[in-house]
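Chemist: Sequence:
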Amino acid sequence: MTSTTYSRDETIASTTDFYKFYIRLPYLDPDALVLAPKDGWPNVDTTELSNRGRSDEVIELLRHLPYIGHPDFRGGWTVDLGSECIQYHKGACYNDSPELIKALPGHVIPIANPTDRNGCYMLLDTQTGKITRYNIMANNIEGNWDEYERLDDNDKWRAFPTAPVGQFFERYQKLYEKLVCMVAPPVDSHGDRGTYFTRADNTVEEDELLEADDDGEVEIEDEFTKEVYDIYKRNGWPGISFAREACKEELKRYLEEADY
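In the working numbering, the protein residues as written are 4 to 263.
None of the hints are false.
With a straight-line cut-off of 25 Å between C-alpha atoms, the simulated DSS-like cross-links for lysine-lysine are:
| # | residue 1 | residue 2 |
| --- | --- | --- |
| 1 | Lys255 | Lys236 |
| 2 | Lys236 | Lys181 |
| 3 | Lys251 | Lys229 |
| 4 | Lys181 | Lys133 |
| 5 | Lys255 | Lys181 |
| 6 | Lys255 | Lys23 |
| 7 | Lys255 | Lys177 |
| 8 | Lys236 | Lys251 |
| 9 | Lys23 | Lys236 |
| 10 | Lys23 | Lys93 |
| 11 | Lys105 | Lys93 |
To be clear, the hints were calculated from the coordinates, so they are not data collected in a lab.
All chains, full assembly: derive it from the sequences and hints.
Modeler: Laid out in structure tokens, this is it:
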């Protein structure tokens, strides 16, 4: 599913596939994934979304997307270090306090809020079928800073990394599958947020590691990242016999004992 034109069905399918994969990781409970009823989620706040200028298609998409359910109405599980899911199915809405978010065109909707000022919104465009990782501090722009500064506020989001929905989630899945990126259970200081580790410092290194052959011994300098990697492997990742709960408990115990 890598087309650059929008399809509601493809968007739902790609999101569902990724979430089904993500709940295999030793972070969330397996029953966290909730799928839309046939007629769509009844509690999506269509009035608020319309008042914020979101299009009819955006609202219909949100009524039929899957979600990773969180017990707190305004809470959200993280999908990476800097982004947490939004529970539209429970009537929650995206954080629109930054002026740059208020300026988004109506066909664009955040499907994840940033965890903090260095985190990223995940913006889904229902015209192009793409997802953009948008940081309001402009930490990850593509291109020249001066050109970015000259953009109108309602166009600044276009200067950030973007990919078709299918490719976007496929890349995320591969990063976790190959343990380029890893998630562990929360530690006390992070609340509900996953504890994330990475073997790469940037997207170029991510690409190199995705292409690398990891059959042999993998060299990892950071001791925490190395131990988390080894715990995953000891518990059978990424095979079908992966002992998810045992891995989760081992990771939690390690991080607590290491006072991470």
